[in-house]
Every structure is written in structure tokens, then in C-alpha cells.
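K.L.:
What follows is each chain in one-letter form.
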Amino acid sequence: MIFIYLLSGLYLGWSLGANDTGNIFGAAVETRMLKFKRAALIAAIFITLGAVLEGSGPSRTLGRLGSVDALGGAFTVALAAAVVITVMVKIRIPVSTSQTIVGAIIGWNYFAGRLTDFKPLITIAGSWVIAFVLSGVISGALFFLLRRILDRAKLHLLKLDLYTRYGLIVVGAFAAYSLGANNIANVVGVFVPVSPFKDISLGSGFVLSGISQLYLLGAISIAVGIYTYSHKVMRTVGKDLFRLSPVTALIAVMAEAIVLFLFASQGLYHLLLKLGLPTIPLVPVSSSQVIVGAVVGIGIVKGGKNIRYNVLGKISMAWVLAPVMAFLISFVALFIVQNVFEQRVHQELTYSFNSVTVPEMERNGLDVNKLPFIKVNYYSERQIYHELNNTGGFSREEILKIVRIAEVYPLQVDIQKLYSGRMINRFEANQVNDLISLTGAAFYHKWQLQGALQSYEGWQLISNPKGEAEKQHNRDLLNQMELLYRAFYRNGKELGSSLRGSEGKVSQGGGE
Amino acid sequence: MALLLKTTKQIEAQLDQFLDIVSDAAMLFQLGMEDYLLERNAQFEERLSQIREKEQKADDLRISIERYLYERTLIPENRGDVLAILENTDEVIDNIKDSLLQFSIEMPEIEQSLDDLWMQTTRASVSAVEQLVCAVRSFFNDLPAVNNYMHKVFFFEREADHLGEKLRRQIFALPIDLARKSQLRWFAIHIEKISDYAQAVCDRLAIYTIKRQL
Chain F
1 MIFIYLLSGL YLGWSLGAND TGNIFGAAVE TRMLKFKRAA LIAAIFITLG
51 AVLEGSGPSR TLGRLGSVDA LGGAFTVALA AAVVITVMVK IRIPVSTSQT
101 IVGAIIGWNY FAGRLTDFKP LITIAGSWVI AFVLSGVISG ALFFLLRRIL
151 DRAKLHLLKL DLYTRYGLIV VGAFAAYSLG ANNIANVVGV FVPVSPFKDI
201 SLGSGFVLSG ISQLYLLGAI SIAVGIYTYS HKVMRTVGKD LFRLSPVTAL
251 IAVMAEAIVL FLFASQGLYH LLLKLGLPTI PLVPVSSSQV IVGAVVGIGI
301 VKGGKNIRYN VLGKISMAWV LAPVMAFLIS FVALFIVQNV FEQRVHQELT
351 YSFNSVTVPE MERNGLDVNK LPFIKVNYYS ERQIYHELNN TGGFSREEIL
401 KIVRIAEVYP LQVDIQKLYS GRMINRFEAN QVNDLISLTG AAFYHKWQLQ
451 GALQSYEGWQ LISNPKGEAE KQHNRDLLNQ MELLYRAFYR NGKELGSSLR
501 GSEGKVSQGG GE
Chain U
1001 MALLLKTTKQ IEAQLDQFLD IVSDAAMLFQ LGMEDYLLER NAQFEERLSQ
1051 IREKEQKADD LRISIERYLY ERTLIPENRG DVLAILENTD EVIDNIKDSL
1101 LQFSIEMPEI EQSLDDLWMQ TTRASVSAVE QLVCAVRSFF NDLPAVNNYM
1151 HKVFFFEREA DHLGEKLRRQ IFALPIDLAR KSQLRWFAIH IEKISDYAQA
1201 VCDRLAIYTI KRQL
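Same order as they appear, the protein sequences are chains F and U. Under the numbering used here, residues 1 to 512 are what the first sequence spells out, in order. Under the numbering used here, residues 1001 to 1214 are what the second sequence spells out, in order.
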């Protein structure tokens, strides 16, 4: 059943392979510098490598935007995005996979009554603008530099042709790697919280994690998209979107690869972190936007005469239209999947305001006296938001904090779950020992488990983190805790019967 | 890829050889013209046969380059332009050969008083071809220099036209038969035509250069 759900993700992967590969190799194939078969092979290999080796960074950001917590939901969200992309590809509008999937996730948030955290949304949306401008600046600078170099180098036309071919292969491979790393989050990112795969040990300490297997599957679907449909799209992109010479195509793809890499590379992220330099957020950016930015950059350096503003306008329209369409289709499809096919598209969460959660809110610096006369239990984040928003006493950020504390999420520490889910390798030995000492402990809220772990050295979050290294420490710990929430989740009934049949201790405050 | 590198080097060498031949043919034409005016007939015929050989070799090279460019899909963006340049430049050699051949067949009697102007016109036309060869070489190797050479081609073409006109006026001012005048005019025009061909190639080259610019 789970694999049937995954099909929509694979469909999305197929559409990404068909659509986005054109942005990398379209000009090279169209100018006959590279044969389609060779371009497809390079793209397939390097997109897969990028997805498996570096794909997790952008996925985390996407996960923070909306944690689709049921397979049915993930299936529908991916399907909605894939349908929009397919429609856009059919009507020959280059579309942004990243924007489409974000639109679909927000659709899920609305349907499930969850609040959209604007922080990652602003990070993602801001990155699109930055990526577009950055690729324009990089391509413009590269163009300027390369023109000077070529004027001085006095290369023979045939040698230049040869080097451009080599360059298109190397840069294309780099761009494909970066695309895989950056955009795999769009394909299978929504399935990350509900991944059915377990870690596989390949011997000599090398472990292929469940998430990596998910990425591998996504990458294979992208490869199928490349081989079956990208040829047509390559032609469309190479001819209609822009008409570049092989050398300018090389510059554009180089700029695209650099930008995609900047927004996807965990290695670079950690290097900047080590050097104490400001980091670049790991978010999925649009390869269509980036390549258009690169072409515009070259056009501006050339005097702005060869920019086709009507095409640019059409593409910009699609950048707005695609996420809106994805949002609507996702919302409607979720309704149909839930009510017609009777599939669960999100977990039914409860939010409690009681003697445990309200004092915790107070401890977190929230003025509980401003809480209106509200019910004990809520079943939708939006409901809480509207009620608290109407009182006018809380900011959006504070309301999100309240929601996180009130959220009921039954958990029971069971180290075996980490072993059977093959997730144990993601934790340090001392962290595993800490968890063993908590075996059987049950919690009704995520923050309670987090609080219990805070007393152990290996789990302590740095309050008021200064600098990127400390922030990263906290991010890593929170990611590990997300894994624990997934592994230790028990539904209310399970938790109750388990507690009755064992000597498990319930954390103070589990009074729901 | 190693094969591609080898082919690239081979075509580069062939292109250089082709342009060397065009340059050689132009210089041989000038020497042949001198021989003809000084009535060194045997040497003149030798020059003609040398130019014939060169023309044949240029044809072979052009066909070989054409074949390689298409077979290996090299310079796909500029392939058509390069082939057009080669074909048009080849026509310049053909024209040089035809001119000299016509001298060999008709053996026109040129008045000694015309010798100086005749050679001046020839030198101007030959210089236009030599500058054309430099311009084509630059098109392959050093794009910014192409305009400089093209300017020189245009200069020598105008010079050849100017001298040619002067020559034709002198021909018709001579006290000789109209038939001879007409024949000499035809030969004078033929010499001018060599620079016209060079200019025609340059006109195309100017467009291809713009296309090649980044």
C-alpha cells in the first residue's frame, strides 16, 4: 500500500526529470554540442548522485514548512504538484517545481487546519528572489570575465568548440548533481516524515539510510523522466526560452550550477559554519528561475537588447500561477481523497489547554492571562489561531509557540523502535544510553520528551545561541528529536493500554 | 573525446594549409603577371600549372574539411558559416586561375606603356586577397583583429577599382584597334574582379564575425 502512495512522488520525479533537465542540457542539445543520449546519461547519473549524497539539506527546510504527517496526504500533495507541472509542460510554460510543491504543501496546511510557519516560507520565497538575482549577477560576471579571457587567449574556433563541449559536459554534470541535491526535496521531501524505508548496512561501516533509499527511488524516477520526455522539453527550452550560442549556454549553465550548489551543498554549508561566515540557507530553488536569471544576466551585460521581455513576462506569470494552481488542486484533491476514497490525509491532532500546558506556556514567557476563555480541547491549529488572533493579544509567532505546546502527541520511549527502524546510527553512543535510561517513559507532548532529555548532556540545546556553529548544534539536535517523535509515536489508545499493562511511567502532566 | 581532439587538430592544420594555398596562389598570380609582361613565357606557363595544382589541392582540402565538420558534428553553430567562407575563398583561387589561364589561351598583346599601371592594379588585387587570408585566419584565431584586416581588404579593393578604371581609360586612349582595346579592357576587368571576390568574402565574413562574437 505504502508503495502505491509513493507513486505520486515518483510521478512528480518523472515530471521534474522531463522539465528541469532541459534547463541544464537544453541549450547544449539544441545547439548540437551534445547528443541527447549522452546528455541524458550524464544527467541521470549525476542527479542520482546529488540526490543520494547531498539531498537531505533542502528536504529539512521543506519539512519545516509543512510536516505532511500521513501517507495519503503526502501522496495527494505530490500528485497535485505533479499534475500542475505536467499541465504547464504541456502548454510549454517552463515551471518551477519548487514553487509548485510549496503551493501544494500550503494547500495541505490549510486543509489539515495547520498553521503555516512563515519563517521557512519567507526563507524559501526569499531564496527564489535571491537565486534569480544571484544567478544573473554570476552569469553576467562570468560572461564579462570569459569574454576578456577569450579575447586574449586567441583560441582557435575549433579548440574553443572542443573546450566548450568538455565544459558543457563537466558543468552540466555539476549542474545535474546540484539539481539532484537541491530538487530531490521537491520530489520525495513530503514523504520524508512518513518514509517506509529502513537503513541498510552495506558493510565496513557504510549505511544507506532509509531517507537515502527514498532519495534514490526519487532519483530513478527523475532519470526515467529524462529518458522518456525531456528530449521534447529540451527542444522547447533550448529554442523558445532563449537562443544562446554554445559558449553563452556554457556560462548560463555554469551560473545555474553554482547557484543550485550554493543552495544545496551541506559540505559548503558546514565549511562556512566552520569559518564563522554567514551561511546560505539550504532550500530548494527553481532551476527554471535560475537559468532565466542567468540568461537575463548575460543579456544585460550584452546591452539588454537580446532579452525577450515577452517570454520573460510569460515565465514570471507562470511563477505566480503554478503555486496558486498547486495550492487549489492540492486542497480539492485532499478533500476528494479523504471523503471519496476515505484515506487519511493528515493525523487528527488534539490541542489541549489544561493544568499542564498552560503553566508550560507561562514558563516560555507567554502571558497566559491574555488567553481568552477558551475550550480545553481543540482539533485544529487554525481554530486556535483565529480565536487567539481575535483577542489581539498575541503575535503570530507567539500563537505558533502556544500551538506547539498545546499539541497532544503521545510518545513512549522504546529504543527497539530505533533499532527496528534502523535509525540508531543517527545518534551518538551517549545519546543512546540516555534514551535507554528513559525506556518506557511516556509523554503526551513533544516538549515533554524534549524537557526530559534536556537533563542529559548530549541533548542540551544552547539557549540564546551565538554564531552559526551554536545555531547548527541546536538544529542538529532538533532534527534528531524529530526522528524520535516519529519513532516513539503511539496513538492515545495504544499508550493507555501499554501503560496499564506495564510499569511505564507517565510524565507529569499527561492528564488528557 | 581523444578522437575529437585528434580530429580538431587535423582540421586546424587543414584550414591553415587551405589559407596558405590561397595566399600562395595570389602571390603566384602576381609573379605570373610579371613574367607575362616581361615575356618570360615558359616561366609564366610554369606559374599557371603551379596555380592549377594549388587550386586542385584547395578543392580537396575544402571537401575534406567539410566532411570532417559534418561527420564529427564539430562547430555546429558556425559550421555553415565556415563552409561558406571556404567555398567563397575557393572561388577567389578559381578566379585567379581562370584569369591566368585566359592569358595563356588568348595571349593578349599589352602595350609597354601600360605595364606599370597593369602591375599596380595586379598588386592591389593581390594585396586584397592577402589581407583576406589574414582576415579569415583571424576569424578562426583572433576575432577582434578581423575588422582591422577587413578594413585593409576594402582599402585594396577600392585601390584596385581606382587603378583599374585608370588602366581602362589608358587602354581606350591608345591608338590601337577597337577589338584589341575591348580585349585588353576585358583582361583589366578580370584582374579587378579578383579584389571584388575578396571583398565579397569579406562582406560575409563581417556578418559571421558579428555572429561569432560573445
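Please note: incorrect hints may appear among the correct ones.
Said to hold, decoys possible - The list that follows gives simulated cross-link-like pairs (lysine-lysine, DSSO-like), each with its CA atoms no further than 27 Å apart:
| no. | chain 1 | residue 1 | chain 2 | residue 2 |
| --- | --- | --- | --- | --- |
| 1 | F | K35 | U | K1211 |
| 2 | U | K1152 | U | K1054 |
| 3 | F | K274 | F | K35 |
| 4 | F | K314 | F | K302 |
| 5 | F | K90 | F | K35 |
| 6 | U | K1166 | U | K1211 |
| 7 | U | K1181 | F | K159 |
| 8 | F | K90 | F | K37 |
| 9 | F | K154 | U | K1006 |
| 10 | F | K159 | F | K370 |
| 11 | F | K305 | F | K119 |
| 12 | F | K119 | F | K446 |
| 13 | F | K302 | U | K1211 |
| 14 | U | K1181 | U | K1193 |
| 15 | F | K37 | U | K1006 |
| 16 | U | K1009 | F | K35 |
| 17 | U | K1181 | U | K1166 |
| 18 | U | K1152 | U | K1181 |
| 19 | F | K159 | U | K1009 |
| 20 | U | K1057 | F | K35 |
| 21 | F | K154 | U | K1009 |
| 22 | F | K446 | F | K417 |
| 23 | F | K154 | U | K1152 |
| 24 | F | K401 | F | K302 |
| 25 | F | K159 | U | K1057 |
| 26 | F | K37 | U | K1166 |
| 27 | F | K302 | F | K370 |
| 28 | F | K305 | U | K1211 |
| 29 | F | K466 | F | K274 |
| 30 | U | K1211 | F | K159 |
| 31 | F | K446 | F | K401 |
| 32 | U | K1006 | U | K1057 |
| 33 | F | K154 | U | K1211 |
If you are wondering where the hints come from, they were derived from the structure by calculation, not from laboratory data.
K.L.:
Would you mind marking each hint as holding or not holding in the structure?
P.N.:
Results for each hint:
Restraint check for K35/F and K1211/U: the C-alpha separation of about 23 Å stays at or below 27 Å, so the hint holds. Proposed proximity of K1152/U and K1054/U is supported: the alpha carbons are some 25 Å apart, at most 27 Å. Simply put, K274/F and K35/F have alpha-carbon atoms about 42 Å apart, too far for the 27 Å limit, and the pair is violated. Note on K314/F and K302/F: the hinted pairing holds, with a Cα-Cα distance of about 22 Å set against a maximum of 27 Å.
Of the pairs offered as hints, the one joining K90/F and K35/F holds, with about 23 Å between alpha carbons and a cut-off of 27 Å not exceeded. Restraint check for K1166/U and K1211/U: not satisfied, since their Cα atoms lie roughly 38 Å apart, outside the 27 Å limit. Among the hinted pairs, K1181/U with K159/F is inconsistent with the structure: their alpha-carbon atoms are about 52 Å apart, more than 27 Å. In summary, the hint linking K90/F to K37/F is supported, as the alpha carbons are separated by about 22 Å, within the 27 Å threshold.
Restraint check: the Cα-Cα separation between K154/F and K1006/U comes to about 20 Å, which is no more than 27 Å; the hinted pair holds. For the suggested pair K159/F and K370/F, the alpha carbons sit about 74 Å apart, so the restraint of at most 27 Å is broken. As the CA atoms of K305/F and K119/F are separated by approximately 38 Å, the hinted pair breaks the 27 Å bound. The straight-line distance between the Cα atoms of K119/F and K446/F is roughly 21 Å, inside the 27 Å bound, and the hint therefore holds.
With a C-alpha separation of about 13 Å, the suggested pairing of K302/F with K1211/U holds against the 27 Å cut-off. For the hint linking K1181/U to K1193/U, the alpha-carbon distance of about 18 Å falls within 27 Å, and the restraint holds. This hinted pair checks out: K37/F and K1006/U have alpha carbons roughly 23 Å apart, not beyond 27 Å. A C-alpha spacing of about 22 Å is found between K1009/U and K35/F, which places the hinted pair at or below 27 Å, so the restraint holds.
Of the pairs offered as hints, the one joining K1181/U and K1166/U holds, with about 14 Å between alpha carbons and a cut-off of 27 Å not exceeded. Between K1152/U and K1181/U the CA atoms are separated by roughly 31 Å; this puts the pair beyond 27 Å, and the hint is violated. Between K159/F and K1009/U, the direct Cα distance comes to roughly 8 Å. Compliance with the 27 Å bound is thereby established for this hinted pair. At most 27 Å may separate the alpha-carbon atoms for a hinted pair to count; K1057/U and K35/F exceed this at roughly 33 Å.
Note on K154/F and K1009/U: the hinted pairing holds, with a Cα-Cα distance of about 16 Å set against a maximum of 27 Å. Using a Cα cut-off of 27 Å, the hinted pair K446/F and K417/F holds, with the two alpha carbons roughly 17 Å apart. At roughly 21 Å between alpha-carbon atoms, K154/F and K1152/U fall within 27 Å of each other, so this suggested pair holds. Among the hinted pairs, K401/F with K302/F is inconsistent with the structure: their alpha-carbon atoms are about 50 Å apart, more than 27 Å.
With a CA separation close to 24 Å, the supplied pair K159/F and K1057/U stays within the 27 Å bound. Our distance criterion of 27 Å between C-alpha atoms is broken by K37/F and K1166/U, whose separation comes to about 63 Å. Among the hinted pairs, K302/F with K370/F is inconsistent with the structure: their alpha-carbon atoms are about 60 Å apart, more than 27 Å. Between the alpha carbons of K305/F and K1211/U the distance comes to roughly 15 Å, so the proposed pair stays at or under 27 Å and holds.
A C-alpha spacing of about 14 Å is found between K466/F and K274/F, which places the hinted pair at or below 27 Å, so the restraint holds. A distance of roughly 18 Å separates the Cα atoms of K1211/U and K159/F; the hinted pair therefore holds under the 27 Å criterion. A C-alpha spacing of about 12 Å is found between K446/F and K401/F, which places the hinted pair at or below 27 Å, so the restraint holds. For the given pair, K1006/U sits about 22 Å from K1057/U by alpha-carbon distance, which is consistent with the 27 Å threshold.
A threshold of 27 Å between alpha carbons decides the hint, and for K154/F with K1211/U the separation of about 17 Å falls inside it, so the pair holds.
In this structure, the earlier hints numbered 3, 6, 7, 10, 11, 18, 20, 24, 26 and 27 are contradicted, and the remaining ones agree with it.
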